[in-house]
Amino acid sequence: MGELEGFYALWYRELKVFSREKSRIVSSLFTPLLWIIVFGGGLGSAISLGGVNYQVFIFPGILTMTILFSSVFFGLYIVWDKKIDFFKEVLVAPLSRTTIFAGKMVGGSIDALLQGCAMLLFGVLLGIKYNVIAVAISFLFMFILACALVSLGLIIGSNMESVEGFQLIVSFLVFPMFFFSGALFPIKNLPTYLLVFTALDPVTYAVDGLRGVLLGTSQLPVTLNLIVLTCFAFVMVAIGTWSFKRLK
Amino acid sequence: MTFAVETEHLTKRYGDLLAVSDLSVGIEEGEIFGLLGPNGAGKTTTLSMLATLLKPTEGTARVNGYDVISRPADVRRSIGIVFQDPSSDDILTGRENLYLHALMFGVPKDERDKRIDYVLNLVDLQDRQNDIVKKYSGGMRRRLELARGLLHNPHTLFLDEPTLGLDPQTREHIWAYIEHLVESEKVTVIITTHYMEEADRLCNRVAIIDHGKIVALDKSSALKSKLGGDIIRLSVRAPRMDKLKGLNYILSMEQKGNTLRLTVKEASKHLQEILGTVGEADAVEVRTATLNDVFLHYTGREIREESGEGGIFERIARTRSGH
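Note that the protein sequences, when read in sequence, are chains A and B. Going by the working numbering, the first sequence runs without a break in its numbering and finishes at 248. Going by the working numbering, the second sequence runs without a break in its numbering and finishes at 323.
Hints are computed from structural coordinates only; laboratory data are not their basis. One or more hints might be untrue.
[Said to hold, decoys possible] Calculated lysine to aspartate or glutamate pairs in the DMTMM-like style (CA-CA distance at most 25 Å, straight line): (1) B:Lys-243 / B:Asp-282; (2) A:Lys-83 / B:Glu-96; (3) A:Lys-88 / B:Glu-96; (4) B:Lys-114 / A:Glu-3; (5) B:Lys-135 / A:Glu-3; (6) A:Lys-16 / B:Glu-111; (7) A:Lys-88 / B:Asp-117; (8) A:Lys-83 / B:Asp-167.
Predicted model only: the values in this text are computed from it and were never measured.
Work out the full structure: start from the sequences and follow the hints.
Here you go:
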């Protein structure tokens with residue numbers, strides 16, 4: 001009972017913060033929109049891939065990117081949280097670290113999911129037609145991806161002492177995860193070196209899965225994508241919980 | 001006598017550095033107990049161990065009857081903490097902060113609102129309860145955190161430097177609130193501070209802590225009277241120390257450059273004779289002993305000399321680099 005209320009408290013806090021920091025939401029949607037409108041629109045006027053316009057082709061990739069960036073950043077933010085504000089108060093509460101981790105993780109994932117939702121609406125403007133089932137499965141993909149990536153951010157953040165390493169993580173982890181994921185290109189007939197990285201990148205499976213669900217053009221079966229992604233999420237959540245238990 | 005907090009050989013080591021050394025002390029129920037010492041003396045480390053945020057290297061402590069090592073969750077539920085740095089969420093309103101605390105500390109649902117109203121009232125924040133904490137002043141924020149510390153009816157309240165960084169007027173204010181809280185809530189309060197006035201004003205008993213050890217522990221008035229006299233400060237170019245040593249009512253003497261600091265029994269009665277003996281004085285100051293004098297007496301230095309923000313980690317850095 002106590003743990004459940006604690007979990008609710010943590011999640012409630014994230015929701016409040018999310019609803020009050022409107023500028024953060026707007027700016028987190030702005031970059032993906034630029035990608036779709038400028039990059040997708042520009043290149044789309046020349047190419048189409050997999051039977052669809054390039055702009056539409058990269059839409060699932062950019063949707064994933066929205067989740068990727070907001071999730072990892074949410075998790076990393078704990079470096080800051082640890083030092084100041086509310087999180088210190090959370091750490092002295094009579095709650096298990098598993099509960100604290102779960103509250104933080106679900107809170108961040110729902111934030112990311114809401115942003116994904118907004119992007120999904122934008123897809124309608126591109127002329128992509130979804131049915132209810134496609135939307136539901138997309139939500140599932142986005143939520144599992146968010147859980148995994150918020151956990152990843154929390155793992156890194158809880159082991160970091162200062163915010164100085166932020167840029168390093170963005171350059172060497174977040175951007176590679178985006179570029180190798182096949183968000184911008186089809187993962188068919190790739191040169192070997194690229195294929196290896198693409199296969200190792202967990203985000204690939206989210207992009208391919210969402211492409212399958214929304215456009216019907218995935219390389220791997222949607223179920224396989226979902227299984228790989230879920231496994232990745234489980235590993236991340238497990239490591240994250242463990243990291244929180246060690247947190248001072 | 002029941003103790004709210006009882007430590008047994010409580011020790012914390014960081015590598016070679018002894019942050020807290022073999023601390024054994026009993027803090028009685030209902031008292032305001034002060035841990036007075038310079039930055040890096042081990043006050044916050046002691047508090048962190050009592051609050052189960054840090055594991056002791058050796059020894060243990062019981063807080064409200066629960067052992068900090070074997071029953072940390074019970075300890076946490078029975079204590080309230082106000083940190084040195086602000087720890088309320090500044091994007092949320094005052095009331096929301098309290099609501100979250102009530103959820104996390106398991107305040108029963110039907111008591112939550114009543115309890116929140118009650119503590120808001122204690123610190124006079126009802127009018128501002130729905131403002132975002134970002135809009136609060138430093139003093140208001142500290143008051144909110146005091147209220148939050150009391151929200152779940154703790155038996156013991158820990159205040160870590162409760163007025164650090166506040167202006168003198170706000171400090172007075174917070175002191176008045178703390179006194180009021182103790183009166184109405186009947187909690188045991190443990191304060192760490194490096195402000196003499198704070199310890200003097202608020203605490204029933206004061207432990208002077210230096211380099212992780214308690215060097216003196218008593219009522220502040222008793223500590224002062226242990227010095228046995230008043231303080232005379234003299235500025236003398238060529239003090240005749242040998243002659244002063246002949247005066248048996250001078251309890252202790254200290255010389256630093258031109259400044260002479262004497263602890264004297266019944267100073268006002270003997271002032272004339274001292275002035276006649278010591279030589280030509282440029283300035284004279286006679287006053288009753290303060291906690292600062294007590295501190296000086298036990299540690300051999302003034303609390304203010306430990307300047308800078310050096311906490312325990314700077315001391316670690318210093319020992320590591322061989323200083």
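query: Looking at the structure, which of the earlier hints fail to hold?
result: 5
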